[in-house]
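Residue numbers (my numbering), protein chains in the order written: chain S, 49 to 373; chain Y, 38 to 479.
It cannot be assumed that every hint is accurate.
As the list claims (entries may be wrong) - Derived DSS-like pairs: lysine-lysine, alpha-carbon spacing no greater than 25 Å straight-line:
#1 S:K87 x Y:K424
#2 Y:K105 x Y:K93
#3 S:K276 x Y:K93
#4 Y:K476 x S:K282
#5 Y:K105 x Y:K424
Said to hold, decoys possible - Just a sample of chain Y residues kept apart from chain S, beta carbon distances all over 12 Å, derived:
#6 Q53
#7 F300
#8 E370
Hints listed in this document are in silico derivations from the structure and should not be mistaken for laboratory results. The beta carbon of each residue, even a glycine, is placed where N, CA and C say it ideally should be.
Below are the chains, spelled out letter by letter.
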Amino acid sequence: MWAYILRKILYNIPVYLGIILLLMVLLRVNDPVYAFLGKSASPEQIQVKRHEMGLDRPFLAQYRDFVWDILRMDFSQRSWEQKRPVGQMIRKAVGPSLAITAPSLFLTAIISVTIGLIASFYRGRSVDRTLMLLAVLGMCVSYLVYIILGQYFGAYWPRKALGTSVFAVSVDATVGDEAGYFFVPANWVRFCMLPVLINLVVAMGYDTRFYRAVMVEEGTRDYIITAKAKGASKRKIMFVHMLKNAMIPIVTRVMITLPFLITGSILVEMYFGIPGMGRTLINAINAKDFPVIQAITALLAAVMIVTVILTDVLYALLDPRVRLQ
Amino acid sequence: MIRRVLRSRGVRKLRQNRWAMLALGVIGLYVVVALFMLATDAVEGIGQRTGGFTIKDRPVLGMLLVDKTLDRVGPNSVPGFFLRDRPERRLEHHQAYLDAVERALNAKDPEAALAELRFGSLRPADLGPDKLRELVDEGWALFDEVDEIYEQIDEAEGQSPGGDQATAPGAGEGEAPNIADLDAAVSDKIDQIEPIVRALFPIPDGLDGFLYRLKMLLGTDRQGRSILIRTVYSIKIALEVGFVTALLAVLVGSILGAAGAYFGGWVDHVVIWLFSTFSSIPSLVLLTVLAFMFTGSRFDGTLIPLYTAFSLTFWIGPCRVIRGEVLKVKELEYVQAATSIGFGRVYILLRHILPNTAYLMFINFSLLFIGAVKGEVILTFLGLGLKNGASWGIMISQSASEVIEGRFWQISAATAFMFGLVLAFNTLTDALQDAFDPKHVS
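Using the sequences and the hints given, assemble the complete structure.
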C-alpha cells in the first residue's frame, strides 16, 4: 500500500511542475508590471517594481525560486494592491471558502446518491421518469441564473415582502474578521446556507443522473443475479450488495466535483460577497495584482493534485485489484 | 457511403426515437436562424468593404445585425407581451416620450429637430410643431393631475396609517377619499396619457408596425434595447462558440488520444502526461489566468479568449475516451487481419480504427457543445467573453441588477432560449448514447 502511495506521489511531481511552468508562462505573456501600473508609469517606476518582484531575472531562476517558495509554503511576498503579505490574505480566505465548499460537497454526494438509488430502484416506472426529467430540465439552466434567482427569492424578496429574512442578501460590513466567523452556526445559516443550497440544486442534475446510471449498470452484474437467486430481498441487494460495489464510481465522482465546487464557489462568493479564495482571486485579477494571482492559482492547482492523489489512494483502499496495476 | 451509414443499426435506432428527431428539429431551427444572421452579416460586411451598399436600414434583412442589438427601441424596462406595468413605471415610460418631443420643440430649429427625432424606430407624427406642442402640454397637464392625486394619497396614508384597508368603499362625502379609489384615479389618468403618447409617436402600419411590435414583444432592458432582438442575436454567438470549441476539442482530443493509444511508447507517455497535467489544473484557475492574460490585449472582447479557454480545457474528455476505445479496438481480429494483409499503420488507424470510434466523437461533440454554451455565461461574467453586442452571458449578467428591482424579462428570455437549445442537445446526447453505445444502459 505504501509503495503504491509513494508511486502515485512521485508520478504527480512532474505533473505539478508542469502546471506551475504553464501558469507562470501564461501569467507573463502580457507584462504584469505594465498591466498593473498602466500606461502613465515611467520606465523607472516599472523597473523598480519589476526588480522588487524579481521579474527582471531569467525565467528559470524565477521558476526555481517560486517552486522553492511553494515547497516551504512561504508566501511572504506582498500584494501590490493591498500591501499585505499574500500568505496572510490566503489564510483569511480559506475559512469562508471551506464553509461553503465542504457542506456543498458532502450534502450533494449524500442526497444525489440517495436519489440515484431510488431512481434505479424504480427503474422505468413513473418515479424514475419524473426524477430524471427533473434532473435533465435542471441541467438546462445556467448556474448564474440559479444564483441570481436564488438570491432574489431566497433573500431579497422575503425581506421586501415579509420584512425579515433568514438569509442575508450578501455579506456586509458588520461581518467579523476573526478566523472562524463563518463556522459559527448562526452566522453560517445567515450567510452560507443559501449559497450551499444553490450549489446543491445545481450539482443535483448532473449527479443524480450519473449515480442512477452507475446503479443501473451495477444491477445487471452477475453477483446481483446470484444474490437474487439465493433469495436476498430487493432492498438488501440495493443497499448492501450494490452500494458497496458502486463505491468506486461514487468516490471518483465526488472527487471530480471538487474542482467544480471551487469553480462554483467563485461565482457564489462573488454574488454573496463571501470573502473566500474565489473572491480574492477575482478581485486580484481585476486589480492586476500579480503576486496574489500567481500564489492562489498555484495553490489551487496543488489542492487539485492532492485530490487526484487522494482519489487514487481511496481507489486502492476500496478495491485491492487497483494496487496491482 | 452515406446510404450505408443511414442504413446502419445505430442510425436506424436513432431515427426511430421520436424525441431525438424532435431535438434535431429544434436544433435545426436554431441553426437556420443563426445562418440567416451569418448571411446578413456577410452581406453587410461585403457592402461595407466595397463601400457600395448597406442593408442596415432594410427592415427585415438588417433586423438582426450587431448594431441593432444596441439600438434603443422604446422606453427603458418595458414589460413584454404588451402587459401593463405598475402605474409609476408607466408614468416613467410616458414621460420618456414626452421629454423627447419637448426637447426637440425647444431646440433652435424645431422643424429640423423634429425631422431628426427618433424614439427607437418610431418617428414623431407629422402634425407640425404647434399641434405637437399642444399635445405635449396636454400630456404635462395630465401629469400634474396625477401628481395631485399622489399628494392626496400621501395625505390619506398620513391620516390613517395602516388602517386604510378598513375604510369602507363609498364612505360619505367630506371624508378623506379612499386610497383604492385614488389608485384607480391615477391609473385612469395614465390611461388618458396613453393616447396622447400614441398621437405623438404613432405606430406605423403594415410591415414596419409589425416589426415594431415584434421588437417590443419581450419588452426592453434598462437601456431601452429590444430583449427579443438581443436574445435572438445571441443564438448566433452561442452556436458559434459551441460549434467551434466542440469541433476543436473533439479533433485535438481524438487525434492525441488515438495516436497515444495506437502508437504506444513515448507518444502515449507524452499524451498521458499532457492530459493529466491539464486535467490537474482546476479549469477555473486556467480561465482566470487566461482572463488576466487577455485583458488589455487586442483579442479582448472578441470570442478568441473564449475559444482558447474552452479548447484548453475541453479536449481532455474526448482524448481520454477515444484513447480507451482505441486501446480496445486495436486488439480486435479485424485490425490484426488488416495488419497481416500489409496495410500501413496510419492507414489502419484512419480507415479501420477511427471510424469505429466515431460514435464517441459525436457524443462528446454534443456534450461539449452544451458545456460551451453554458460556459459562455460564466466566462462572460468573469470578463473573458464578448464585451460588445449581445450574448446570453451578457444578458444574464446584466439582468442581476434588474432582478433586484423585480424585472424578470431579460433573464427569462435569455434563459428560455438557452434552455431550448441545451435541452435539445441533452436529448440528442442521450439518444446518441442509446443508439450507438451498446454498453450504455438507460
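Hint-by-hint comparison with the structure:
Proximity of K87 (chain S) to K424 (chain Y) is assessed by CA-CA distance (about 22 Å); at most 25 Å being required, the pair is judged to hold. A distance of roughly 8 Å separates the Cα atoms of K105 (chain Y) and K93 (chain Y); the hinted pair therefore holds under the 25 Å criterion. With a C-alpha separation of about 71 Å, the suggested pair K276 (chain S) and K93 (chain Y) falls outside the 25 Å cut-off, and the hint is violated. With a CA separation close to 24 Å, the supplied pair K476 (chain Y) and K282 (chain S) stays within the 25 Å bound.
Simply put, K105 (chain Y) and K424 (chain Y) have alpha-carbon atoms about 15 Å apart, close enough for the 25 Å limit, and the pair holds. Even its closest Cβ contact with chain S, about 18 Å, leaves Q53 (chain Y) beyond 12 Å, as expected for a residue assigned away from the interface. Every CB of chain S lies more than 12 Å from the CB of F300 (chain Y), the least distance being 21 Å, so the non-interface label holds. With a least CB separation of 26 Å from chain S, E370 (chain Y) remains clear of the 12 Å interface cut-off, as annotated.
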